[in-house]
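Student: Below are the chains, spelled out letter by letter.
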Amino acid sequence: MKTENQKAWFFVLPVLLLVAFNALIPIMTVVNYSVQETFGNNVFFWQGLDWFEQILRSDRFQAALGRQFLFTFLILIIEVPLGIIIALSMPKKGFWVPVCLVLMALPMLIPWNVVGAMWNIFALPKVGMLGYFMNDVLGVNYDMTQDPLAAWITIIVMDVWHWTSLVVLLSYAGLVSIPDAYYQAAKIDGASPWKVFRYIQLPKMKTVLTIAILLRFMDSFNIYTEPFVLTGGGPGNSTTLLSIDLVKIALGQFDLGPAAAMSLIYFAITLLVSWLFYTLMTKDDAQ
Amino acid sequence: MAKITLKNLRHAYAPNPTPEDYVLKEIDLSWQDGGAYALLGPSGCGKSTLLNIISGLLTPSDGRILFDDRDVTDLPPDQRNIAQVFQFPVIYDTMTVRDNLAFPLRNRNVNETKIAERVAEIAEMLDVTEMLDIRASHLSPDNKQKISMGRGLVRDDVNVVMFDEPLTVIDPHLKWKLRSKLKELHQRVRATMIYVTHDQTEALTFADQVVVMQAGEIVQIGSPVDLFERPQHTFVGHFIGSPGMNILPATVENGRAIFEGQPVTLEGAVKGDGGRTEIGIRPEFVSLADDGVEARVRKVSDVGRHAIVESMVGDTPVKAMVEEAHLEQGALVHLAFKPDQTRLYRDGWISTEATP
Amino acid sequence: MRKRSLIPILYILFLMLPIYWLVSMSFKTTNEILAGFSLFPQTFTLDSYVAIFTDPTWYWGYINSIIYVTLNTVISIAVALPAAYAFSRYSFLGDKQLFFWLLTNRMAPAAVFALPFFQLYSSVGLFDTHIAVALAHCLFNIPLAVWILEGFMRGVPKELDETAYVDGYSFWRFFTTIFIPNIKAGVGVAAFFCFMFSWVEMLLAKTLTAVEAKPIAATMTRTASSAGYELGLLAAAGTLTIIPGAIVIYFVRNYIAKGFALGRV
Numbered sequence: 001m002k003t004e005n006q007k008a009w010f011f012v013l014p015v016l017l018l019v020a021f022n023a024l025i026p027i028m029t030v031v032n033y034s035v036q037e038t039f040g041n042n043v044f045f046w047q048g049l050d051w052f053e054q055i056l057r058s059d060r061f062q063a064a065l066g067r068q069f070l071f072t073f074l075i076l077i078i079e080v081p082l083g084i085i086i087a088l089s090m091p092k093k094g095f096w097v098p099v100c101l102v103l104m105a106l107p108m109l110i111p112w113n114v115v116g117a118m119w120n121i122f123a124l125p126k127v128g129m130l131g132y133f134m135n136d137v138l139g140v141n142y143d144m145t146q147d148p149l150a151a152w153i154t155i156i157v158m159d160v161w162h163w164t165s166l167v168v169l170l171s172y173a174g175l176v177s178i179p180d181a182y183y184q185a186a187k188i189d190g191a192s193p194w195k196v197f198r199y200i201q202l203p204k205m206k207t208v209l210t211i212a213i214l215l216r217f218m219d220s221f222n223i224y225t226e227p228f229v230l231t232g233g234g235p236g237n238s239t240t241l242l243s244i245d246l247v248k249i250a251l252g253q254f255d256l257g258p259a260a261a262m263s264l265i266y267f268a269i270t271l272l273v274s275w276l277f278y279t280l281m282t283k284d285d286a287q
Numbered sequence: 001m002a003k004i005t006l007k008n009l010r011h012a013y014a015p016n017p018t019p020e021d022y023v024l025k026e027i028d029l030s031w032q033d034g035g036a037y038a039l040l041g042p043s044g045c046g047k048s049t050l051l052n053i054i055s056g057l058l059t060p061s062d063g064r065i066l067f068d069d070r071d072v073t074d075l076p077p078d079q080r081n082i083a084q085v086f087q088f089p090v091i092y093d094t095m096t097v098r099d100n101l102a103f104p105l106r107n108r109n110v111n112e113t114k115i116a117e118r119v120a121e122i123a124e125m126l127d128v129t130e131m132l133d134i135r136a137s138h139l140s141p142d143n144k145q146k147i148s149m150g151r152g153l154v155r156d157d158v159n160v161v162m163f164d165e166p167l168t169v170i171d172p173h174l175k176w177k178l179r180s181k182l183k184e185l186h187q188r189v190r191a192t193m194i195y196v197t198h199d200q201t202e203a204l205t206f207a208d209q210v211v212v213m214q215a216g217e218i219v220q221i222g223s224p225v226d227l228f229e230r231p232q233h234t235f236v237g238h239f240i241g242s243p244g245m246n247i248l249p250a251t252v253e254n255g256r257a258i259f260e261g262q263p264v265t266l267e268g269a270v271k272g273d274g275g276r277t278e279i280g281i282r283p284e285f286v287s288l289a290d291d292g293v294e295a296r297v298r299k300v301s302d303v304g305r306h307a308i309v310e311s312m313v314g315d316t317p318v319k320a321m322v323e324e325a326h327l328e329q330g331a332l333v334h335l336a337f338k339p340d341q342t343r344l345y346r347d348g349w350i351s352t353e354a355t356p
Numbered sequence: 001m002r003k004r005s006l007i008p009i010l011y012i013l014f015l016m017l018p019i020y021w022l023v024s025m026s027f028k029t030t031n032e033i034l035a036g037f038s039l040f041p042q043t044f045t046l047d048s049y050v051a052i053f054t055d056p057t058w059y060w061g062y063i064n065s066i067i068y069v070t071l072n073t074v075i076s077i078a079v080a081l082p083a084a085y086a087f088s089r090y091s092f093l094g095d096k097q098l099f100f101w102l103l104t105n106r107m108a109p110a111a112v113f114a115l116p117f118f119q120l121y122s123s124v125g126l127f128d129t130h131i132a133v134a135l136a137h138c139l140f141n142i143p144l145a146v147w148i149l150e151g152f153m154r155g156v157p158k159e160l161d162e163t164a165y166v167d168g169y170s171f172w173r174f175f176t177t178i179f180i181p182n183i184k185a186g187v188g189v190a191a192f193f194c195f196m197f198s199w200v201e202m203l204l205a206k207t208l209t210a211v212e213a214k215p216i217a218a219t220m221t222r223t224a225s226s227a228g229y230e231l232g233l234l235a236a237a238g239t240l241t242i243i244p245g246a247i248v249i250y251f252v253r254n255y256i257a258k259g260f261a262l263g264r265v
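Chains as they are written, first to last, in our numbering: chain A, 1 to 287; chain B, 1 to 356; chain C, 1 to 265.
So that you can see chain A by itself, here it is in the shape it has in the complex:
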């Protein structure tokens, strides 16, 4: 049991101040912009909820949101099962385990624009290994600066390359925490490998998988740097995800009002979906 102690607030005060400084002031700024119109010179006019309405109705926002959901959906549907499969096939102990983990974690530690630049070069026709392989070895016409499908495939493969290891590491942490007796009992009970997975491994991985799915959702939904460096949102607008569009509006066009309204909608969607995921995945425990 935890002790009731209001003085504990002093312990959290530094965290509170720092995060509040970083979160509350900018959010207030955004809220402020989102309900006003400006023509420069720091002159503002009350705009009410017009920006929100305009953003929600705009085809451009809806298209970006659609692309964002498609992207995140594909990421989750590929990375989560793939990560679990890789974690399942890893050895439980031995010399190779830390080696595997270090190598797998490596892509996650590369600055995000380097990841984008790396894949950009990697995919260049003629010069890059992937581009060369696709065009000159396989004979497929592959050029992501021209072909939206190629751009999408490259972005997805890049993200799988970049982040699947997170799912692997988390799932693996869940797997190694299962005592041997469970596997032995299952063997004696005559359980098939599928049943071992379904009734032992999956339930024991649930906590870490919830974390993995939440993190992968948030990070893929908020992704900016890697696809921006890789494709710049093109060809056309085909890979313009929400963050890329937002930065275009805010920093590119300096349309502060619409950008602020879009920011708030964006943030709200992230929170809402995260909350939905969380509630759905922890539902059984509450009973």
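What the hints contain is simulated information worked out from the structure, not anything from laboratory work.
Yeah, the Cβ is synthetic: ideal placement off N, Cα and C, and Gly gets one too.
Treat each hint with caution, since some may be false.
Unchecked claim - Covered stretches of chain A, as calculated for chain B (at least 3 residues, CB under 8 Å): (1) 176 to 187; (2) 196 to 210.
Claimed, not checked - Stretches of chain A that chain C covers, calculated by requiring three or more beta carbons in the stretch to come under 8 Å of a beta carbon on chain C: (3) 59 to 68; (4) 148 to 154; (5) 222 to 231; (6) 244 to 255.
To be verified - Subject to a maximum C-alpha distance of 30 Å in a straight line, what follows is the list of computed DSSO-like cross-link-like pairs (lysine-lysine): (7) B:181 to A:187; (8) C:184 to A:206; (9) A:2 to A:204; (10) C:206 to A:93; (11) A:187 to C:3; (12) A:206 to C:96; (13) B:3 to A:187; (14) A:248 to C:206; (15) A:206 to A:93; (16) B:114 to B:181; (17) A:93 to C:3; (18) C:3 to A:92; (19) A:187 to B:319; (20) C:206 to A:2; (21) A:206 to A:195; (22) C:158 to C:96; (23) C:184 to C:158; (24) B:114 to A:187; (25) A:204 to C:3; (26) B:271 to B:299; (27) B:183 to A:187; (28) A:195 to B:114; (29) A:7 to C:184; (30) C:184 to A:92; (31) A:204 to C:184; (32) A:7 to C:3; (33) B:175 to A:187.
Here the structure of chain A is known, so what remains is to put chains B and C in place on it, guided by the hints.
Tutor: Chains B and C alone, transformed into the frame defined by chain A:
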């Protein structure tokens, strides 16, 4: 149900073992169908290894395992028709109690009517009928452990049910209850049961026959009474009983045992010669008398119904268990050893002839 | 070798391929790169690395990154430790709400904060300083650090605290000499993740800097666009940004798998 025979069993975890690598050294053993057996020994004596070899989780380095006359050494666990209950309860968290109990049967494609019948029967036996529809993860540890036993018992074709220190995580006041439940279950289902433990009380109350192991070897197989009264090895004498057997350095002259210069009468004739010679007698059979071995009282501790008198004969402490004792420290006493319970050991092993 | 170890091997191959490509390209001459595909450098050259280590705008980018990442890690851990202790040991008014609110900041899209951060840090005169980036990264690193540390601290029995008080330790002495050493694995894991996320984040780092505190990775993209395709240089700079991460991860290799598992959902 089956008779279990272990032939020349040896096991080492290292791939190319030297003699010291063997955690099991030459085990020859046979267990009768329907018996209740315990494997007793201190931690690291190889009893869990032996259990895992019988269940098929481990393949022995040498030797064979027979169930009745069938060689099962190379069969995987699920084809041996055995059941095992582990140290801590292994249950399938996401399933209900009912599904947990049905799981081993479903995996063997038993038809659902038969499953329902067996599950109801076992649930009734274990007193868990009212919990059948609860998620197994919500049960208390002792009920969880009952469910893992139930999964073993639900199959009517099991050759043997094995328990690997099953009461480790159970609260002390529930241990007793679960232990009597186990005994009762054994009487009802008459399956061969093997119970591994380092706790002598658990072993002696559960089993008809106890196998005592030490450092990878079997030192004695016998009924609880045998182990208590006539330990074949000083280890058994010391390990079983509380306090353990007095082991007293002695010499043999002309077929008589001499302890600290005083003659001691043994249960029977002395066999063999040489080696480290010791007299073994349980404190229960040492009494205070008017004459006998002279000793000085060092400590008297009251343990409820008895008192334990620890006295020094020369430099050797001897414990005696007596009804009542009011003795000063340093008092001179005489100790009488009950002759038919006084044995001689050479290099640890018994070397007196039993009195017929 | 078992058949299923093929899966992790193939996966690691897939991960290493682009990295190998980058490293091998950093040792090639620009001519060789543009001439077409070659698996190994034909004319091995260190020119790109020499260029980076002799040009202050390059190597300062490197130093800048390390300065603000280190600052951020130190600040995040320093403030997260007492807070995580409070969350793991005490209940207080609004504790759950506060914890949840902290975590929501981990969910915030960085793009939302780019412009307001620029204005905020400009208005307090911190624009283009290391501390600005370090503070900005606290937005997502502090919640993460609190979360990880809280998980580790809950694993330490409360009796430890009580014994220390009975033995006459003051709170701070207990906290620094007994409690923190007890959760040093947790501190290591939390520091690793703070380092990682601060090192890889670029949108805020780029927005908040111009010259003085510009991170290496930002220097890199600017060069790529302004000076045309100096691919060898680009690859060398990219290779160099992988090294600190690789070093840090080597130190926490035995903890990394457990780190997240101990956090709570």
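Student: For every hint, state whether the structure bears it out.
Tutor: Verification of the supplied hints:
Judged by the Cβ-Cβ criterion of 8 Å, the region 176 to 187 of chain A is covered by chain B as claimed, because 6 of its residues qualify and three suffice. As drawn, the region 196 to 210 of chain A meets chain B at 4 residues by the rule of a beta-carbon pair under 8 Å; at three or more, the given contact holds. Taking a C-beta to C-beta cut-off of 8 Å, the region 59 to 68 of chain A contributes 0 residues in contact with chain C, too few for the three needed, and the coverage statement is violated. Residues of the region 148 to 154 of chain A lying with their CB closer than 8 Å to a CB of chain C number 0, which falls below the three-residue condition for coverage.
Judged by the Cβ-Cβ criterion of 8 Å, the region 222 to 231 of chain A is covered by chain C as claimed, because 4 of its residues qualify and three suffice. Coverage of a stretch by a chain is defined here by at least three residues with a beta carbon nearer than 8 Å to that chain's beta carbons; for the region 244 to 255 of chain A and chain C the count is 5, and the condition holds. As the CA atoms of residue 181 (chain B) and residue 187 (chain A) are separated by approximately 26 Å, the hinted pair is consistent with the 30 Å bound. Between the alpha carbons of residue 184 (chain C) and residue 206 (chain A) the distance comes to roughly 26 Å, so the proposed pair stays at or under 30 Å and holds.
Distance check on the hinted pair: residue 2 (chain A) and residue 204 (chain A) sit about 26 Å apart at the alpha-carbon level, within 30 Å; holds. Restraint check: the Cα-Cα separation between residue 206 (chain C) and residue 93 (chain A) comes to about 41 Å, which exceeds 30 Å; the hinted pair is violated. Restraint check for residue 187 (chain A) and residue 3 (chain C): the C-alpha separation of about 20 Å stays at or below 30 Å, so the hint holds. A hinted pair counts as satisfied when its Cα atoms are at most 30 Å apart, and residue 206 (chain A) with residue 96 (chain C) qualifies at roughly 22 Å.
A C-alpha spacing of about 22 Å is found between residue 3 (chain B) and residue 187 (chain A), which places the hinted pair at or below 30 Å, so the restraint holds. About 15 Å separates the Cα atoms of residue 248 (chain A) and residue 206 (chain C), which keeps this hinted pair within 30 Å; it holds. Taking the CA atoms of residue 206 (chain A) and residue 93 (chain A), the gap is about 22 Å. The hint holds against a cut of 30 Å. At most 30 Å may separate the alpha-carbon atoms for a hinted pair to count; residue 114 (chain B) and residue 181 (chain B) meet this at roughly 25 Å.
Between the alpha carbons of residue 93 (chain A) and residue 3 (chain C) the distance comes to roughly 17 Å, so the proposed pair stays at or under 30 Å and holds. Simply put, residue 3 (chain C) and residue 92 (chain A) have alpha-carbon atoms about 15 Å apart, close enough for the 30 Å limit, and the pair holds. Straight-line distance between C-alpha atoms of residue 187 (chain A) and residue 319 (chain B) comes to about 49 Å, which puts the hinted pair past the 30 Å bound. The hinted pair formed by residue 206 (chain C) and residue 2 (chain A) fails the criterion: a straight-line CA distance of about 43 Å is larger than 30 Å.
Between residue 206 (chain A) and residue 195 (chain A) the CA atoms are separated by roughly 16 Å; this keeps the pair inside 30 Å, and the hint holds. Among the hinted pairs, residue 158 (chain C) with residue 96 (chain C) is consistent with the structure: their alpha-carbon atoms are about 20 Å apart, no more than 30 Å. Between residue 184 (chain C) and residue 158 (chain C), the direct Cα distance comes to roughly 17 Å. Compliance with the 30 Å bound is thereby established for this hinted pair. Note on residue 114 (chain B) and residue 187 (chain A): the hinted pairing holds, with a Cα-Cα distance of about 22 Å set against a maximum of 30 Å.
Annotation: proposed proximity of residue 204 (chain A) to residue 3 (chain C) holds, straight-line Cα distance about 25 Å (limit 30 Å). Taken as a hint, the residue 271 (chain B) and residue 299 (chain B) pair is broken in the structure, with Cα atoms around 35 Å apart against an allowance of 30 Å. Simply put, residue 183 (chain B) and residue 187 (chain A) have alpha-carbon atoms about 26 Å apart, close enough for the 30 Å limit, and the pair holds. Of the supplied pair hints, the one linking residue 195 (chain A) and residue 114 (chain B) holds, its CA atoms being roughly 21 Å apart against a limit of 30 Å.
Between residue 7 (chain A) and residue 184 (chain C) the CA atoms are separated by roughly 25 Å; this keeps the pair inside 30 Å, and the hint holds. With a C-alpha separation of about 24 Å, the suggested pair residue 184 (chain C) and residue 92 (chain A) falls inside the 30 Å cut-off, and the hint holds. For the hint linking residue 204 (chain A) to residue 184 (chain C), the alpha-carbon distance of about 26 Å falls within 30 Å, and the restraint holds. For the hint pairing residue 7 (chain A) with residue 3 (chain C), the CA-to-CA distance comes to about 58 Å; that exceeds 30 Å, so the pair is violated.
Of the supplied pair hints, the one linking residue 175 (chain B) and residue 187 (chain A) holds, its CA atoms being roughly 27 Å apart against a limit of 30 Å.
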